[in-house]
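Visitor: Let the sequences and hints guide you as you build the complete structure.
There are 2 protein chains.
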Amino acid sequence: MKVPEKILSGLKKEKSIFIAAHINPDGDALGAALALAEALESKGKETFVYSRDPVPAIYSFLPGYERISSDPRSMLKHRPVMVLLDCNSPERAAVEKYGFKSSIVIDHHETEKDFGDIKWIDPGAAATGLMVFYLLKALGVGITKEIATNLYTAISTDTGTFRYSNTSAEVLKVSAELVEAGAPPNLIAEQIYETWDRKRFRLLVIALNTLEIRKGIAITHITKEMFRRTGTKPADTENFSNLPRMIESVKISAVFRETGRDMWKVSLRSKGASNVARIAEFFDGGGHKNAAGFSIKGDLKSARSALLKVAGNLNMNKR
Amino acid sequence: MKVPEKILSGLKKEKSIFIAAHINPDGDALGAALALAEALESKGKETFVYSRDPVPAIYSFLPGYERISSDPRSMLKHRPVMVLLDCNSPERAAVEKYGFKSSIVIDHHETEKDFGDIKWIDPGAAATGLMVFYLLKALGVGITKEIATNLYTAISTDTGTFRYSNTSAEVLKVSAELVEAGAPPNLIAEQIYETWDRKRFRLLVIALNTLEIRKGIAITHITKEMFRRTGTKPADTENFSNLPRMIESVKISAVFRETGRDMWKVSLRSKGASNVARIAEFFDGGGHKNAAGFSIKGDLKSARSALLKVAGNLNMNKR
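These protein sequence lines map, in sequence, to chains G and Y. All the letters of the first sequence, read from the start, carry residue numbers 91 to 409 under the numbering used here. All the letters of the second sequence, read from the start, carry residue numbers 91 to 409 under the numbering used here.
Any given hint could turn out to be false.
Each pair may be met inside one copy or between any two copies, as identical chains are not told apart.
Pairs of lysine-lysine, DSS-like flavour, derived with a Cα cap of 30 Å [to be verified]:
(1) 399 / 289
(2) 399 / 227
(3) 323 / 167
(4) 263 / 379
(5) 235 / 92
(6) 133 / 187
(7) 289 / 355
(8) 92 / 263
(9) 314 / 289
(10) 235 / 203
(11) 235 / 263
(12) 399 / 103
(13) 399 / 314
(14) 235 / 105
What the hints contain is simulated information worked out from the structure, not anything from laboratory work. Quantities reported herein were computed from a predicted structural model and do not represent experimental measurements.
Guide: See below:
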């Protein structure tokens with residue numbers, strides 16, 4: 091992977107760098123952000139890692155986790171450059187109301203927005219963490235154990251720990267190098283997959299009880315009432331859409347999460363060749379081939395029907 | 091990893107080679123066996139791949155699957171040398187009653203038996219498939235797409251696809267090379283993890299609805315009525331006990347399966363340090379540290395109480 095020269099020069103000349111993860115941050119956004127922050131600080135720069143939303147507890151093991159902040163005022167005084175990570179519009183990171191000197195976008199999502207003074211968008215990259223790995227190499231930053239742990243977590247998150255179709259020889263080679271640099275593969279996997287709290291697991295089981303499969307599409311839903319009943323939050327639903335993929339006949343898994351009255355956020359995961367980004371784009375959402383999402387208005391029944399219709403029209407439920 | 095010279099010379103001088111996988115063969119035994127067979131045939135040797143037990147359907151995608159046989163008579167006439175893979179006693183492969191010219195053992199298990207004319211046992215190897223990879227390299231065999239797929243499956247099986255503590259930089263590097271040679275990571279993961287049938291998944295959800303956690307022990311149960319309702323069989327519950335391990339507070343997961351009137355079979359899985367074999371032994375059952383089982387009489391309530399009491403007395407629910 092070739093790092094654009096303008097990204098390197100764009101970062102090198104800056105002193106204050108504001109790194110923004112997208113809303114509802116995942117392991118790729120957070121791991122990439124923390125790794126980049128540590129690397130830039132080792133080069134004498136001042137950095138700030140911003141996430142509007144609270145970081146899911148499962149990522150609290152990430153080195154540097156405690157520095158992630160939702161209050162950027164102290165940093166904004168320095169008029170920093172903003173690096174948008176793992177997304178490519180300021181709205182996706184909830185930073186549109188802040189003023190920055192300029193902006194740099196580093197992302198691997200397919201749906202590209204017209205934003206960014208300097209852009210590096212590579213939909214072929216398995217994870218933003220992988221792009222940051224090459225960026226750090228090009229900047230001549232040594233991969234510490236902390237950086238390695240953050241980047242390995244980023245890559246693990248977006249490749250399903252090497253189970254998704256974006257797992258390539260390159261992904262495995264870089265991951266091997268990160269393990270050599272000190273990333274602990276099994277501890278990271280345990281943190282990501284085996285540290286669910288009880289109420290989150292209870293919510294999962296409740297959601298799985300709503301499972302219906304129509305034409306290869308598994309649909310589950312989570313209502314606000316379910317969150318209340320279990321004492322859980324929207325962030326607790328991360329990866330819920332993965333589980334129904336265990337079923338052989340399921341090509342796409344969709345989780346409908348109630349966000350307001352007759353408003354739903356839909357998280358899509360695909361197995362094999364189905365490109366769920368195309369479905370999400372139809373609904374003005376985005377994502378990548380195997381993981382995408384969108385918002386939709388309407389009651390659950392009509393929202394579900396709309397998804398099934400679009401998937402059918404796009405022939406998405408075939409392999 | 092260094093391949094012992096005696097293994098190389100031992101194989102090179104033979105013409106007929108009988109390769110035996112262990113009983114209840116898994117992806118490591120099968121993938122290693124099929125890869126070795128193809129490699130040796132490319133060197134002009136005649137090979138036979140033996141498994142006493144039927145190969146689980148999830149492994150039917152392995153290249154060469156159709157040649158695995160439980161009837162060795164045709165081959166035994168040639169008085170072959172026997173290569174024991176992923177185990178180290180003839181009983182584990184159910185070949186003790188057959189006559190061989192000599193025997194070669196290639197295994198990574200810790201409990202070593204006094205068997206084998208030539209032995210290569212490396213408990214530090216993550217998988218027998220990894221040892222076979224180095225063996226093929228040392229023999230100068232090119233890694234075909236078929237060999238790569240078999241070896242990648244072998245390594246995936248024994249490392250939980252890079253999630254267990256035996257996942258090392260070396261494991262990832264070799265896997266990267268296998269992907270370069272044509273192994274498809276996501277298709278292999280899909281075959282191993284995402285080929286559940288719908289009714290089996292439905293039974294899982296019904297079982298998870300019964301989940302209760304007491305002192306770090308997750309208990310679920312499956313009644314005969316649940317089997318009837320979902321059209322499933324006891325064999326469909328394999329690995330059900332793994333799922334509640336996702337919960338951080340869970341140290342042990344126990345699945346109670348009704349086998350008759352007031353009769354239960356209990357399957358135990360542990361996370362970390364808990365040794366469930368000790369619990370199973372108390373009830374005249376058996377197994378290993380992280381996976382064991384036993385049978386118990388009584389109604390569900392008293393059977394559960396008995397388990398909790400024994401686990402508490404053995405201090406098993408602590409880590």
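Visitor: Which earlier hints can't be squared with this structure?
Guide: The structure breaks hints 2, 3, 10, 12; every other hint is satisfied.
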